[in-house]
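S.K.: In case you want the letters, here they are:
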Amino acid sequence: MATKASRSAARLMMAPAVILLLGWMLVPLIMTLWFSFRTYLPLRGGDLGWAGFDNYVRFVSSSAFWPAVQTTLVIVLGVLIITVCLGIVLAILLDQPMWGQGVVRILVIAPFFVMPTVSALVWKNMFMDPVNGLFSHLWRFFGADPVSWLSDAATPSIIMIVSWQWLPFATLILLTAIQSLDSEQLEAAEMDGAPHLKRFWFIILPHLSRAITIVILIQTIFLLAIFAEIFVTTGGAFGTRTLSYLIFQRVLESQNVGLGSAGGVYAIILANIVAIFLMRIVGKNLDN
Amino acid sequence: MARAVTPRRKLINTGLAWAVGLLIFFPILWTILTSFKTEAQAIASPPIFLGFDWTLENYSVVMERSNYARFLWNSILIAGGSTILGLIVAVPAAWSMAFVPSRRTKDILLWMLSTKMLPAVGVLYPIYLLFIQLGLLDSRAGLVIVMMLINLPIIVWMLYTYFREIPVEILEAARMDGATLKEEVLYILTPMAIPGIASTMLLNFILAWNEAFWTLNLTAVNAAPLTAFIASYSSPEGLFFAKLSAASTMAIAPILILGWFSQKQLVRGLTFGAVK
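These protein sequences, in sequence, are chains A and B.
0 is the number of the first residue of the first sequence in numbering that gives the first Met the number 0; add one for each residue after it.
0 is the number of the first residue of the second sequence in numbering that gives the first Met the number 0; add one for each residue after it.
In isolation and in its complexed conformation, chain A is listed as follows (with noise of 0.2 Å):
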């Protein structure tokens, strides 16, 4: 049914959206590169000329970097791990037979709604305040000393927070798979007498590989970029400064605009790499 007039009119109601794209991503990408060769300090005589790849150096041999490699690392796998796992199980629970089913779910999923700068701050002061925060309260009563979460055990904190609010995600995402799961395969298999164990592992666990897959890309360009819990938070104190705020502190904070463009084409080609992986599926499911 496609005519040669239809298709012109279809490359017209496309432009739009494709043009606005495309200078969205190619103006900036091609200003962080040339920064990135430029020395360039806004407050200290602006643009000071060619710098060649000085600045990529730089970057990764400042003494911050390795650590906030590490923290990266840390917080990414850590709620990755933390949320996948819940995820499962919880999944599994909220497919179950019960009553109230609705509420529970709208319950679970709520976390996701809060903005990251409520989250982030009702954690830091309501919970994990070391004088009136609930977590205080609970560990004086069972007669230990309260903890200072945010500057004692700063990254685990914040993979604390980070995780309650994407377990929700995980959570509905796997369920949405699991209910997709042919219910007569797993009566069969229980028939059968397959323990529940078994089942799991060979019927449920196989059916949810798909899905488990999308969360961890989806959430690792999510998790690769979290800023708002840190910026509340540490502001990046107490070895919680990842990557993507080490160079939020580059550009902004100490100005050094070059040395930041750097640290983002960095930050660009490692989201790329995972984004490959993603599409990849993404484009398969679009064939079917």
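Misleading hints may appear alongside valid ones.
Claimed, not checked - Stretches of chain A that chain B covers, calculated by requiring three or more beta carbons in the stretch to come under 8 Å of a beta carbon on chain B:
(1) 14-23
(2) 116-130
(3) 152-165
Rather than coming from a laboratory, the hints here were simulated on the basis of the structure.
All C-beta atoms in this analysis are idealised placements derived from N, C-alpha and C, irrespective of residue type, glycine included.
Since the structure of chain A is already known, use the hints to place chain B on it.
M.R.: Same frame as chain A, but now just chain B:
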């Protein structure tokens, strides 16, 4: 998939699921409860769960002191404006890709998705600089544009997956019956597309409302939405738990309610149709 189980098993499931659900929801519940306490009761040791004197004082204090209405208005304008603008751009694009697909449609869709993967921090300074040059820093118009652009791939994708589910046969049948193009769009396509457009709108509004990288970095006073308003409570006001809770409750309540309507769409929108 209602499987037959014994009542005892169902009871155990119910108890367990409710316990976990309440545990996960607890921080939100605690925030809402604390917002109705006095400051002294909010930090009382041991903590008071329900037996406190309910008061609305915190809400009025927060409203008065921090010009809450302006932040709320900014949030509504930025999230709403970017959603509407995004739909205006995305509906025709998704439409043509769903109904007049070409060899390149798939590549274009995947490329659009790839722009969403660009880490914001990598392009922070260029955008910051462009905003200064164009006089858009700390302006609602600037944020509407940025929000629209970062969510455009998701809008196009969601609409595309919805539009593709509209059967082409219906269109052909209408044409056979002599429907004009105007009638076709007005009486057949629009009613079938509206649910998809509505859920796309809803999810996009939520995402824009909660976005906290660009809103924190590109606003100061005039255009700051609720995300920035809450961040300003970081300290020392953040230690006034009751007021912090009231401010937080007001910032999240509208979205919690909208969010509950959009659970199903959330999966489709955030997995780009890969999980349905």
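S.K.: Next, verify each hint and record whether it holds.
M.R.: Okay, the hints, checked on the actual structure:
no., hint, in the structure
1, 14-23, "holds (count 6)"
2, 116-130, "holds (count 11)"
3, 152-165, "violated (count 1)"
Going through the hint list in order, the structure does not satisfy hint 3, though it satisfies all others.
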